[in-house]
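Work out the full structure: start from the sequences and follow the hints.
As given, the protein sequences belong to chains A and B, one line each in that order.
Last residue of the first sequence: 173 in the working numbering, with the numbers rising by one and none dropped.
Last residue of the second sequence: 196 in the working numbering, with the numbers rising by one and none dropped.
Hint data in this document are derived by calculation from the structure and do not stem from the laboratory.
You may find that some hints are simply not true.
[To be verified] Result set (DSS-like, lysine-lysine): computed pairs, CA atoms no more than 30 Å apart in a straight line:
# : chain 1 : residue 1 : chain 2 : residue 2
1 : A       : K159      : A       : K126
2 : B       : K114      : A       : K116
3 : B       : K169      : A       : K70
4 : B       : K169      : A       : K116
5 : A       : K86       : B       : K57
6 : A       : K86       : B       : K108
7 : B       : K153      : A       : K109
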Amino acid sequence: MYSFTKPKSKPLFKEDTKLWLVFYFISVFLFVSFALFLLLKAYFYNKDTQKLNDNSLILKQKIIKLNTQKELIFLQKALYENVHVKNSVIKTSIKNLLDLIPDPITLDKFLLSKNKLIIYGITPTKDVYNMLMLPPLESIFESTKTYFYQLPNGWYKFKSINIIKADNENAYN
Amino acid sequence: MKMPTINLKKLKLPKIKVYGIDVIKNFLFFFFYIILILIIIATILAPSVKLFKKTKKEYFLAKNQFETIQKQYQKTSQELNSLKDKNQKIINALTRKFDINNFKLFAKEYMKIKSIKKLKTEPYKEKFIKTSYLIEANIKSPKDFYDFIDASKNYKNLIRIYFPFNFVKNDKDINLTFKIDVYNLKNKLNAEEKAH
Numbered sequence: 001m002y003s004f005t006k007p008k009s010k011p012l013f014k015e016d017t018k019l020w021l022v023f024y025f026i027s028v029f030l031f032v033s034f035a036l037f038l039l040l041k042a043y044f045y046n047k048d049t050q051k052l053n054d055n056s057l058i059l060k061q062k063i064i065k066l067n068t069q070k071e072l073i074f075l076q077k078a079l080y081e082n083v084h085v086k087n088s089v090i091k092t093s094i095k096n097l098l099d100l101i102p103d104p105i106t107l108d109k110f111l112l113s114k115n116k117l118i119i120y121g122i123t124p125t126k127d128v129y130n131m132l133m134l135p136p137l138e139s140i141f142e143s144t145k146t147y148f149y150q151l152p153n154g155w156y157k158f159k160s161i162n163i164i165k166a167d168n169e170n171a172y173n
Numbered sequence: 001m002k003m004p005t006i007n008l009k010k011l012k013l014p015k016i017k018v019y020g021i022d023v024i025k026n027f028l029f030f031f032f033y034i035i036l037i038l039i040i041i042a043t044i045l046a047p048s049v050k051l052f053k054k055t056k057k058e059y060f061l062a063k064n065q066f067e068t069i070q071k072q073y074q075k076t077s078q079e080l081n082s083l084k085d086k087n088q089k090i091i092n093a094l095t096r097k098f099d100i101n102n103f104k105l106f107a108k109e110y111m112k113i114k115s116i117k118k119l120k121t122e123p124y125k126e127k128f129i130k131t132s133y134l135i136e137a138n139i140k141s142p143k144d145f146y147d148f149i150d151a152s153k154n155y156k157n158l159i160r161i162y163f164p165f166n167f168v169k170n171d172k173d174i175n176l177t178f179k180i181d182v183y184n185l186k187n188k189l190n191a192e193e194k195a196h
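Dropping the structure here:
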């Protein structure tokens, strides 16, 4: 057979079909790329969130430790102040008890324990003791017992046993 | 009865051309394009956006929480440091080991110490330990003892002057017996003892 026209190669797809297919491919590629980008971003956000949560937990534990240290300092401060206050109370108590001793009476021993005061001394007469020393002792102590021993010169050696009141005793704890 | 058959080869799209462009074919391509995009959005893009938004929200929430905790940590840390600075003397007093010779040197100004006898060590209020010593000393007058109690505030250990107080008069001065309690932090002293 003879033809007046030369044979042309027939393309698989026509021009407009090719254009559409390229458009399809680019669109799908862009959408999938965008989705992958978002997933990647989400992955990194997730990783950072995990890191932040871990750091938050570590900081929380550190805060607990710091607070424990703060509480310990407050405890130390309270103890320190308490001890000094109690030392002052002790000093005042001893000073007040020794100031009770009137001039005519001299002391040999002054034994003060937590709930008891024992005084050994010499008094010119029983009356001096009973009038000048006994009343203040009776006002402070719950019970007061005094034993006198006469000396050759007529003066008296005495031993005074005084038991402290319960509320006063607690003040020294 | 015969079922009607459809011959797909005979099924051809009508061709409507405008300026050489096949309108029906292009319309179908456009239609399929829209369908394809909707499918991609529904199956890939929408879940990705949803996940992204969720993780972003969680991230900023965690970041916010972290910053709040960090501020709190810095504040607590500053408070602790300032507390330590203010109470350095107290902290030192409770962490330092009691040295008998040093104490004798300190008390020398107020009394002549004859002996210091260690009585016992016991826990005190969970965090502390208390060591008791019995001291025998000579003083010239009770005032020396009062001054000693006042001065104990400035001693480098925390000491409590405690019962019993025995004042016994002798020829020249007064024999004084009393007890002191020395307080230390429990853990610090344990650590020191282990180190030795």
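Results for each hint:
no.	hint	result
1	A:K159 <-> A:K126	holds, 12 Å
2	B:K114 <-> A:K116	holds, 25 Å
3	B:K169 <-> A:K70	violated, 48 Å
4	B:K169 <-> A:K116	holds, 19 Å
5	A:K86 <-> B:K57	violated, 59 Å
6	A:K86 <-> B:K108	holds, 23 Å
7	B:K153 <-> A:K109	holds, 28 Å
Comparing the model with each earlier hint shows violations of hints 3 and 5; every other hint is respected.
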